[in-house]
Amino acid sequence: QQQVKQSPQSLIVQKGGISIINCAYENTAFDYFPWYQQFPGKGPALLIAIRPDVSEKKEGRFTISFNKSAKQFSLHIMDSQPGDSATYFCAAYRNFNKFYFGSGTKLNVKP
Amino acid sequence: DAGVTQSPTHLIKTRGQHVTLRCSPISGHKSVSWYQQVLGQGPQFIFQYYEKEERGRGNFPDRFSARQFPNYSSELNVNALLLGDSALYLCASSYGQGDEQFFGPGTRLTVL
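Residue numbers (our numbering), protein chains in the order written: chain A, 1 to 111; chain B, 1 to 112.
Hints listed in this document are in silico derivations from the structure and should not be mistaken for laboratory results.
Hints should not be assumed to be uniformly reliable.
Stated by the list, open to error - Straight-line Cα separation of at most 27 Å, DSSO-like style, residue types lysine-lysine; simulated pairs:
#  : chain 1 : residue 1 : chain 2 : residue 2
1  : A       : Lys15     : A       : Lys106
2  : B       : Lys52     : A       : Lys98
3  : A       : Lys110    : A       : Lys58
4  : A       : Lys71     : B       : Lys13
5  : A       : Lys42     : B       : Lys30
6  : A       : Lys58     : A       : Lys68
7  : A       : Lys15     : A       : Lys71
8  : A       : Lys57     : A       : Lys68
9  : A       : Lys57     : A       : Lys98
10 : A       : Lys42     : A       : Lys98
11 : B       : Lys13     : A       : Lys42
12 : A       : Lys5      : A       : Lys68
Said to hold, decoys possible - Beyond 12 Å from chain B on every Cβ pair, some chain A residues (computed):
#  : residue
13 : Leu11
14 : Asn22
15 : Thr28
From the three backbone atoms N, C-alpha and C, an ideal C-beta is built for every residue, glycine too.
Just chain A, with the same shape it has in the complex:
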């Protein structure tokens, strides 16, 4: 059973637009929700993360929105740039010894 479901699988956005990626989870025991960015040939790099006691967190152009009752969280990339083109993964952690990743979203920002 997939613990974290991510959508869309791929996304094309014009430069300056907003990119939105969504994730849903089932296990209410998850206590940490990070987003990772991965470029080809590289390992994932942490972008931003949130805990379930907060509904929104913003860092620069990146914002996580968290809906605990719906068991959903999303990543918003404002003013998307071609350099943001990468694969993005959501993840959910439980007690920091169980880690589950979404299936990934390939973002392409058109110049």
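Keeping the supplied structure of chain A fixed, place chain B upon it in accordance with the hints.
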């Protein structure tokens, strides 16, 4: 400061063989986790080690094993390789068990 390093970068094995992958964490980090990333999918958690003890395990068969050494480096061993074991194997280190993870570039394993 060097990031997480993994060796080898690429590896080709045949079915039934054994493989050992190595990871050196960021200096000062005491926790190492291993992940399997099949092409086009998200990483799948395999193991977490902290202070040389296994602290977490994902849903992988007993053919997969790992250990952490006194210098906090780690090895992932896979026995009786199957074609389905072909993947990018990622190592991530963190200072403590509950701290931010930093990923290495991975080892690309191909099983023929």
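Hint check results:
{"no.": "1", "hint": "A:Lys15 to A:Lys106", "in the structure": "15 Å, holds"}
{"no.": "2", "hint": "B:Lys52 to A:Lys98", "in the structure": "17 Å, holds"}
{"no.": "3", "hint": "A:Lys110 to A:Lys58", "in the structure": "24 Å, holds"}
{"no.": "4", "hint": "A:Lys71 to B:Lys13", "in the structure": "41 Å, violated"}
{"no.": "5", "hint": "A:Lys42 to B:Lys30", "in the structure": "22 Å, holds"}
{"no.": "6", "hint": "A:Lys58 to A:Lys68", "in the structure": "17 Å, holds"}
{"no.": "7", "hint": "A:Lys15 to A:Lys71", "in the structure": "30 Å, violated"}
{"no.": "8", "hint": "A:Lys57 to A:Lys68", "in the structure": "14 Å, holds"}
{"no.": "9", "hint": "A:Lys57 to A:Lys98", "in the structure": "23 Å, holds"}
{"no.": "10", "hint": "A:Lys42 to A:Lys98", "in the structure": "23 Å, holds"}
{"no.": "11", "hint": "B:Lys13 to A:Lys42", "in the structure": "22 Å, holds"}
{"no.": "12", "hint": "A:Lys5 to A:Lys68", "in the structure": "15 Å, holds"}
{"no.": "13", "hint": "Leu11", "in the structure": "15 Å, holds"}
{"no.": "14", "hint": "Asn22", "in the structure": "14 Å, holds"}
{"no.": "15", "hint": "Thr28", "in the structure": "19 Å, holds"}
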